[in-house]
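Numbering (the numbering used here), first residue to last: 1 to 499.
Mixed in with the good hints there might be a few duds.
[Said to hold, decoys possible] Derived DSSO-like pairs (lysine-lysine); straight-line CA-CA distance at most 30 Å:
#	residue 1	residue 2
1	Lys-219	Lys-162
2	Lys-161	Lys-462
3	Lys-219	Lys-462
4	Lys-161	Lys-219
5	Lys-162	Lys-462
[As the list claims (entries may be wrong)] Computed spacing ranges between beta-carbons, pair by pair:
#	residue 1	residue 2	range
6	Leu-407	Ser-42	40 to 48 Å
7	Ile-145	Val-53	39 to 47 Å
8	Met-117	Val-66	21 to 29 Å
9	Leu-407	His-387	25 to 33 Å
10	Val-66	Leu-116	17 to 25 Å
If you are wondering where the hints come from, they were derived from the structure by calculation, not from laboratory data.
The beta-carbon is built from N, C-alpha and C at its ideal position, and this holds for glycine as well.
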Amino acid sequence: MSACEIIGNTGAEERLTAPTHKHESRSTSDMKPLELSWIDVSLLMCLWGLVLVCSVISLGVAAPTVFLLIATILIVRNPSNGLLILLLIFYAPAITVGLPNIFTVTASLVLVRTVLMNPASLAGLLLRPSRVLLWAGVFVLFVTIQTMFSDNIMLALTYYKKYLEGIVLLGILSVSIRSSDDLRRVLSWWAIVAGLATLVKAIHIYMGDDTVLYRTMEKMFANDAFDLEHRIHIRHGGETGRRFLLPGEEPNYTSAGLAFPFAMALAFYRNSRGSSKIFWTVIAGLTAVACVGTYSRSGFLVIALIGGLYLLRGNLAQAVVPLGLLGGVFIAAVTLIPSLHKRIFGIGGAVQEGATGRFDLWQQAIDMWLESPVFGSGMSSFYDRYHGAVHNSYLQVLAETGLVGFLLYLMVIVTAVRIGQRLHAGVPHACDSREIELSAMTRAGLIGFCFMISTVTYQDVKLFWLALGMYAAMFTVSRHATADQPPPIVSHHRIIGEA
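Generate the whole structure from the sequences, applying the supplied hints.
Okay, here's the thing in structure tokens:
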């Protein structure tokens with residue numbers, strides 16, 4: 001099976017679709033899903049290869065030129081390719097490509113393409129935004145006011161920019177996803193690039209400090225309290241271990257970004273057949289290895305949590321193979337790597353000791369919130385006072401933006417979950433029987449994500465808000481796909497069209 005078949009047709013089998021009728025309120029061209037052809041897959045892999053090469057050796061001015069050219073071609077062909085490119089740069093070391101503000105450039109290309117070739121979708125976004133985007137926008141508007149009156153406005157702007165980029169990503173999702181097929185392609189690519197990131201990390205660990213990325217990060221952290229070597233190595237119980245990270249990566253942030261694609265890989269494994277099952281087993285394994293290799297205790301727990309939720313979905317025979325292989329790899333890793341063994345089995349002791357200082361930070365955040373409970377102490381105020389982060393996203397938002405900002409932040413999460421949950425409440429809106437399974441594992445990934453950000457300050461909300469938007473969009477695109485179709489014709493034994 002080819003790569004474009006895996007990405008483009010994942011979950012497309014066994015649809016419970018109604019017979020098509022001539023009397024449709026929308027044209028066939030409007031209803032036709034965007035296809036990710038072999039050209040798109042080839043260009044995406046070329047882009048990934050370019051980023052990998054640039055992280056090892058310098059290609060000079062040719063690198064940003066080629067990156068921009070390929071990205072432009074992909075986005076002109078299909079605006080949803082912009083999401084795929086953005087996911088790629090989240091999991092690959094794109095900083096060494098040499099293109100300034102690579103996120104902004106890519107997002108701008110998508111918006112320009114939309115304005116020029118499909119202005120109606122942009123107008124619809126502005127006039128009738130999704131409820132997830134609407135609540136996120138209200139939260140960011142409130143944060144804007146907070147930032148304007150911050151005591152340290154330059155630091156506050158760095159945090160504000162991350163929330164603003166989250167809004168942009170939700171907007172791109174709204175204008176570029178038109179069908180369930182589009183949604184599956186983005187989710188499958190998300191899982192794939194997260195798995196491929198493990199290979200990139202293995203290459204950099206093998207090459208050591210003889211890479212462009214290492215030298216770039218070494219300069220960046222030269223004056224930091226923790227230099228680069230202290231960030232990529234860990235000492236625990238008298239044993240020193242090498243974290244499975246790219247130079248400059250933060251272990252807790254990295255493991256948080258791997259929880260959701262791990263759940264997606266398991267979902268696509270269950271929805272696939274034949275050789276595709278082997279492919280998704282490998283992707284799930286690579287993602288789990290990368291998460292455990294960060295030495296993040298929260299990462300260990302969230303992988304176990306998602307695996308447990310996967311087992312609860314039923315069909316234990318299907319679940320045994322991928323989880324059994326992952327369990328075998330895990331046992332081998334903790335047996336052969338002493339520092340990893342001590343790190344994992346030291347979780348209980350860490351909780352007794354106050355989660356390595358987190359409980360003290362959480363208490364400080366609560367104390368700060370009580371000083372200004374309604375509107376908070378202002379963006380970046382916790383860092384200004386304690387020279388560090390809360391290590392809990394919810395408490396960080398509560399302390400800095402008060403009860404008003406905290407409730408708005410929760411509304412983004414609650415709104416997405418409530419909309420996505422409708423797909424489980426009733427199958428009539430699901431034009432694909434396997435959307436239910438994919439939606440369930442998306443929810444499992446979100447549960448893992450929500451747990452992870454309770455142990456780390458995750459103010460770079462782009463991936464988290466994108467996952468929320470994806471979950472809500474599953475119901476939205478499924479409802480729109482069936483809006484112009486009559487209900488399925490039910491016989492005494494089966495639904496017409498069921499495999």
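The hints, checked one at a time:
Note on Lys-219 and Lys-162: the hinted pairing holds, with a Cα-Cα distance of about 23 Å set against a maximum of 30 Å. For the hint linking Lys-161 to Lys-462, the alpha-carbon distance of about 11 Å falls within 30 Å, and the restraint holds. A threshold of 30 Å between alpha carbons decides the hint, and for Lys-219 with Lys-462 the separation of about 26 Å falls inside it, so the pair holds. With a C-alpha separation of about 24 Å, the suggested pairing of Lys-161 with Lys-219 holds against the 30 Å cut-off.
Among the hinted pairs, Lys-162 with Lys-462 is consistent with the structure: their alpha-carbon atoms are about 7 Å apart, no more than 30 Å. Distance hint check: the CB atoms of Leu-407 and Ser-42 are about 46 Å apart, consistent with the given range 40 to 48 Å. Between Ile-145 and Val-53 the beta carbon distance is about 44 Å. The supplied range of 39 to 47 Å therefore holds. In this structure, Met-117 and Val-66 meet the distance hint of 21 to 29 Å, their C-beta atoms being roughly 24 Å apart.
Taking 25 to 33 Å as the suggested C-beta distance range, the pair Leu-407 and His-387 conforms, at roughly 28 Å. Checked against the given bound of 17 to 25 Å, the beta carbons of Val-66 and Leu-116, roughly 23 Å apart, stay inside it.
In summary, the structure agrees with every hint in the numbered list given earlier.
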